[in-house]
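Asks: So you can see what is in the structure, the chains are spelled out below.
Protein chains: 2
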Amino acid sequence: MSTYNVSPLNKVKRGPNRAMYDVEEINKIIDSGFIAHVAYNYNGKAICIPMAYGRIENKIYLHGSLKNRMLLALLEAREATLTIMHLDGLVLARSGFHHSVNYRSVTLFASVQKIDNAKTKEVALKCVMDYMIPNRWDSLRTMNTKEFNSTLVLELEIQTASAKVRAEGVNDEKMDLELPIWAGIIPIKQIAEAPINDALLAEDVDMPQHITNYYTTHKP
Amino acid sequence: MSTYNVSPLNKVKRGPNRAMYDVEEINKIIDSGFIAHVAYNYNGKAICIPMAYGRIENKIYLHGSLKNRMLLALLEAREATLTIMHLDGLVLARSGFHHSVNYRSVTLFASVQKIDNAKTKEVALKCVMDYMIPNRWDSLRTMNTKEFNSTLVLELEIQTASAKVRAEGVNDEKMDLELPIWAGIIPIKQIAEAPINDALLAEDVDMPQHITNYYTTHKP
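So the sequences go chain by chain: B and Z.
Per the working numbering, the very first residue in the first sequence carries number 40; after that it's consecutive.
Per the working numbering, the very first residue in the second sequence carries number 40; after that it's consecutive.
Careful, some of the hints might be misleading.
Each computed DSS-like pair below joins lysine-lysine, with the alpha-carbon atoms no more than 25 Å apart [claimed, not checked]:
1. B:K153 x B:K106
2. B:K84 x Z:K98
3. B:K165 x B:K67
4. B:K213 x Z:K185
5. B:K228 x Z:K228
6. B:K158 x B:K98
7. Z:K50 x B:K106
8. B:K67 x Z:K228
9. Z:K84 x B:K153
10. Z:K213 x B:K185
11. Z:K84 x B:K84
Quick caveat, the hints were computed from the structure, so don't treat them as lab data.
All chains should be modelled from the sequences, with the hints used to inform the complete structure.
Replies: See below:
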């Protein structure tokens, strides 16, 4: 089982017992979402922006307008940092100090290049789409040349990464356990509600399997 | 109704029709969450990290360990950028190009200072706690001096900000509307499941009102 090299850049310092550098575990956290917060520098200020992504092996794909300030900044810097976080619960202790959240998060440090090859670009766009909702791409109207040419696609190759996960109960001070204060966990989840047909849907278009599958696997 | 000044820093360029600079609308988006992604510079690399926050008027509070790399970097830079995003739905068009998500997001540009005054620090810590779950702080064991002194609290005063919101249906090309392709919205929500008592809960401790209230207002 392979792990990412640990350097001062990606070493988790606060709560190192919750840190992981294992590639497979990190990929699992990446694959549980489709929106990352991507950090970039704008005139020396660090800013981050939520972006849709997809992953194939050790590559993350981002796309956007040819004029997207953030994508252009990443391209110029030739490197990017992405954070993906899933909130799993509120950890409610007897003291404020021991309150926490359960979560799975990764920080990815990647090199950046623009994809020019048309075939690779299409594979990347399909990947981003299908990370949002599996099997969607193949059901769609094919991309036309104008759309294709006006979309910037970046390939981010992960150079190193770290994960931080908390998945446990309340850790109060021993001397606090007998206090008459409620403590516990409230699980938090991101869920899907029932799909809503577009008002302009053509006649006789049924909801396809990939949509009902998504709902079935994401409903409360 | 007051609005933030628009400068090249906070002007929304992609999709300007979805941009807002109104203070009250921005506060509403801030107040719908308790975790922000905070961007900082580490040796010239932009990195972002999810952090709990609270807001009072135009101030955002963050807290953490005295040795927290990110908080110390913000303090040194004397400025910070925060992004808060709520995902509200998948927007599934007939073409890949018109896929989108419904969301409410803000980017806040703030000055940063450390809170040294004990009274202000306590107000800030209570604020962060109660943003996670309202009315929690007053039910807890009081913070002791050791905990208080080992917690770093930063006050971020919002200097300018922008919001970007998408809250609508599918916007397909007119000529695509008659295609036999399913299009629509899948609403996405963050929900709470039933609270789970800590296994070591003292006898006769009932679930307090603020916990049942939270569950009632956040359940599916």
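Asks: Now look at each hint and say whether the structure bears it out.
Replies: How the hints compare with the structure:
{"no.": "1", "hint": "B:K153 x B:K106", "verdict": "holds (13 Å)"}
{"no.": "2", "hint": "B:K84 x Z:K98", "verdict": "holds (19 Å)"}
{"no.": "3", "hint": "B:K165 x B:K67", "verdict": "holds (20 Å)"}
{"no.": "4", "hint": "B:K213 x Z:K185", "verdict": "holds (16 Å)"}
{"no.": "5", "hint": "B:K228 x Z:K228", "verdict": "holds (8 Å)"}
{"no.": "6", "hint": "B:K158 x B:K98", "verdict": "holds (16 Å)"}
{"no.": "7", "hint": "Z:K50 x B:K106", "verdict": "holds (14 Å)"}
{"no.": "8", "hint": "B:K67 x Z:K228", "verdict": "holds (22 Å)"}
{"no.": "9", "hint": "Z:K84 x B:K153", "verdict": "holds (19 Å)"}
{"no.": "10", "hint": "Z:K213 x B:K185", "verdict": "holds (16 Å)"}
{"no.": "11", "hint": "Z:K84 x B:K84", "verdict": "holds (10 Å)"}
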